[in-house]
Amino acid sequence: MYQPLAGYAPAPVTTRMENHGDHMLKVAMQSGQDLFARVGSMIAYEGFVQYEPNPPAVRQIARDWMTGEGAPLMKCTGDGLLYLADYGANVVVINLNGDGISVNATNLLAFDAHLTWGVERVKGLAKFAGQGLWNTKISGQGWVALTSRGKPIVVDCGGGEDETYVDPDALVAWSPNLKVKGKRSFKAQSLIGRGSGEAYQMAFSGQGIVVVQPSEDSTDRLRFRG
Amino acid sequence: MAREFQRGHKAKISDLTAGTDLYVGVQISGPGLTFDISCFGLDADERLSDDRYFVFFNQPKSPEESIQLLGAQAGDTESFRITLDRIPPQIQKLSFTATIDGAGQMSQVAPGYLRIVAGGEEVARYAFNGSEFTTERAVMLGDFYLKDVWRFAAVGQGFDGGLEALLKNFGGEVMEEEAPAAPAPQQSQPGAAPGFAPPAFGAPAAPAPAPVPAPAPQGFAPPPGATPPPPGAPAPVPNVHAAPTIVAPMAPPGVAPVPPPGPAPTPYGQPPQQQPYGQPPGQTAPPPPGYGQPPAPHAPAPPPGYGQPTAPPGYGQQPPLGQVPGQQPGGYGVPQGAPQGGAGVTAALSMFKETPTGQRWTLQNSKLVRVDLGMGGQPVLARQGSMVLYQGKVDFGYKGAGFAGRIVGGATGQEMQLMRCTGQGQVFLAENATHLHPIELQGDAICVSAESVLAFDESLQYEVRRIEGHGIPGGALFTMQFQGTGTIVVKTHGTPVVLPVTPTTFADANAVVAWSAASQVIVSSQVRMRRNAYPGDTGESVNLQFRGAPGNFIVVQPYEV
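If you read the sequences in order, they're chains A and B. Each residue of the first sequence is one higher than the one before, counting from 68 in the numbering used here. Each residue of the second sequence is one higher than the one before, counting from 7 in the numbering used here.
Just so you know, the hints here were simulated from the structure itself, not pulled from any lab data. Check the hints yourself; a few may be wrong.
[Stated by the list, open to error] Computed list of lysine-lysine pairs in PhoX-like fashion (alpha-carbon distance at most 20 Å, straight line):
id : chain 1 : residue 1 : chain 2 : residue 2
1  : A       : 248       : A       : 204
2  : B       : 18        : B       : 359
3  : A       : 246       : B       : 399
4  : A       : 250       : B       : 399
Using the sequences and the hints given, assemble the complete structure.
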C-alpha cells in the first residue's frame, strides 16, 4: 500500500537548496547559515528550525516597502531540513555564485540571509499599475529560490538594440544590469474599450536574461491567507 | 520537467540528470499485439559480443547487475534499471528495442513512449506512435551510448523481422531453445535487493513466451496487510520501485525494510547503517544496494564542514530521528558545492532556456507557445491579454469578433476577445498556466469550443457552429469551426484525453474542448439518457454525443468550465 507513495520520500541532501519535485523546495539548514523565506511558505520541517517573523534588520527595510507591495519575510535559523512551497507554484533554485538577480517580490520564495539584498522600486512604472512594481535585488555567493506559476521560460535579451517587452504580470525575474523602462502601447481605441488587452509592457534592453512565467496570475497567495 | 525527445534527438545524460542510477520505462501497446522489450549491451563495433548483456525476458539482468529488467510497473509495459557507472567498459551502447511477438506490424502501435526517470523525477520522454512506422515488426526505440560521456538518443527506427532478426543484426546467435541463456529468475543472489527480483516468468523454455506477465506475486505485489513488516523480517519486501519516482529509501536485504511513508521507526526512510544525508568523504562504505542512493562520484566536491563525521551538530544525535546511538551521525551537512552544470544565474536557469527552432509556432514548454511573426508574414489572432513577452517590433491591435462572434457573445454572454498581432518578431503566448496544444491544420477542419482557443493564424477561416438542444444554457452551444491551412493553439486545463469517436461517445458539454469537424454532434438530454447523467447533477449540464466515421476524435479536459 505504500508503494506508490514510497517514491516521494526525500532524496539525500546534496546541496543547500534543492527541488523536491517541481513544486517544492528543500533547504538544508545549518546553524550560522540563516535563511530568509516568505512568511507562510513553510510546509514542513525536520530538526530544530526556528522562525522569527520580521526581524529587526528586515523591518528597517520593510519600512520602505510597506506601500502595499513587497513580501514579508521571516528569518529561519537552526539545523534541519526545511520544506517550502507556494501554493503549487513551480520552484526554481539558483546558485548565484557572485551574480545578481532582480526578482519580483511575489515570486521570491527564499534566499540565504548572508546575501546582499535590497528592495527597490522599478523606475518608470509607478504610473502604470497604480501601485508601482517593487522588486528585490539579490547578489552575492549563495542560493535563491523563486516561484513561477507554471514552468518558466528564460529569454536572452541579446544585448542589441532590440528590446524585449514583457507583461508585468507574467514577469518573474531579470538580470539587474538590464535597462528597464515602461512602454504603453495603447491607442485611441483602447480608450473606448477596444484595447488589445495589452495596455502596458516593460521593455528590457542590454545584456542579460528575463524569466517569465506562463501565467498572468500574479496574485500573491501567501499574502491573502488568513 | 521531463524533456520531450523527438526521433533523432540526442542529449548527454549528465544534462538530463546528475544521477547515474536510471530507470528506463517503455510503454508500448497495440490492439491484439504483444511485445518483447529488450536491452542490448553492445560493444564499440555495435555488436553483441557478450550475450550476457542481452537483457530480455529470459535473462533479466547482466552479470554485474548494471542492467536489470524490472517488469511492468507504474504504467510502463516494461522497465529497466540502468546503473551507468557499473556498466563494464567494453559495453559502449545500450539499445532498447521492442519487437512484436506473433503477427502484427508496428503501424498498429498505439501511442507509447520511452522515458527516463532519475531521482524520482521523469527527466526525459520520447513519445512515438504507430504512424511513424509501417510494416516493421521491431523497433529500436532509444540508445544509451558512450561517447566521452553517456548520452541518450531517441532512435525510433523500425526494423523488419522480429527479435531473431534484430539479434542477428547485432551479431548475436539465436539458440534453438532459449532456456540455456536464462538464469533461474527466482534465484536471487545474496547481494540483490529483493525489490528488484524479477517476476516469476513462465517456463523459460517456452519458445514463444508471453510478454512480461502482470506483476507476479513475488516482489511486486503489495505486501499483505496494511502494517509495515517488522524490522528484520526477510519477506515480503514491499517493492518501493513500483512507483516511477525512485528516490533514496531502499532497504538492503536483511535489514529492516522500511517503507518511508508508513509509521516506520526511522523517519528518514534510511536503513540505520547509512549516514542520514550524504556520505562522509573518507568513508569507504561498500556500494549501498539502495536504488536511489546517489553514487559517490557524483556528489559535489565536499566543502569543508560537509558531512564531517567527527563534529556532529547536536541535532544529529537525537534517537527519535532515526539515528542509532553509537553510529557516526552525519548530521545535516550543508554542502555549498556548485550545482551540476556550473553555478551562477545563467547556468541555474539554463534548463528553462528558450528552445530555438525555425518554425512559426514552437511550443516552449507545455504551457507556453512562441510564434514567430516573421515567418509566413501573416498576422496572428490571439486571445486578449495572452501575451506574456515579445521581442521585436510587434503591434497589438483590437480585433472584433465579427458578426458571428457577436452572436456568440450575445447568446452565451462571453464574447471572444481577440487581438491581432502584426509585425516582425516573436511573441510568447500563455494563459493562466493552462496546457497548450498547437494543432496544425492542412486543409482539414476542427471544432473548438470558443473559450478553449488561445491563438490561431489569421489565414484560417473560422465560423461559428451552433448546436441546439434543450437543456443547454442559453438555448444553444456555440463552437468555432476552423478550416484551412495554418495552426490553431488550443488550451486545456490539465492534461486532456483524446478519445476516438465510437458509436457510444459522450462528453460533458462543459469539459469538451475540441473535436474533428467530421463527427456529428447530437445533444443527448438527461431525461432520455439518464444513465449518462451524473448522479446528483443539477441538470445544468448537457451531454453531447458524438458520431462519426472511425478516425474522428474528441478532446476532453479534466475541468468543467
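Margin query: Against the 20 Å threshold, does the CA-CA distance of residue 18 of chain B and residue 359 of chain B hold or violate the hint?
Written below: Since the Cα atoms of residue 18 of chain B and residue 359 of chain B sit roughly 17 Å apart, the hinted pair holds (cutoff 20 Å).
Next item on the list: Starting from residue 248 of chain A, check that the Cα of residue 204 of chain A is at most 20 Å away, please.
Entry: At roughly 17 Å apart (the allowed maximum being 20 Å), residue 204 of chain A and residue 248 of chain A satisfy the hint.
Note to self: Hinted pair, alpha-carbon criterion (20 Å max): residue 250 of chain A, residue 399 of chain B. Please report holds or violated.
What the structure shows: Roughly 13 Å between the alpha carbons, so the hint for residue 250 of chain A and residue 399 of chain B holds.
Note to self: Holds or violated: residue 246 of chain A and residue 399 of chain B, Cα atoms, limit 20 Å.
What the structure shows: holds (18 Å)
Violation of the numbered hints given earlier is absent; every hint is satisfied by the structure.
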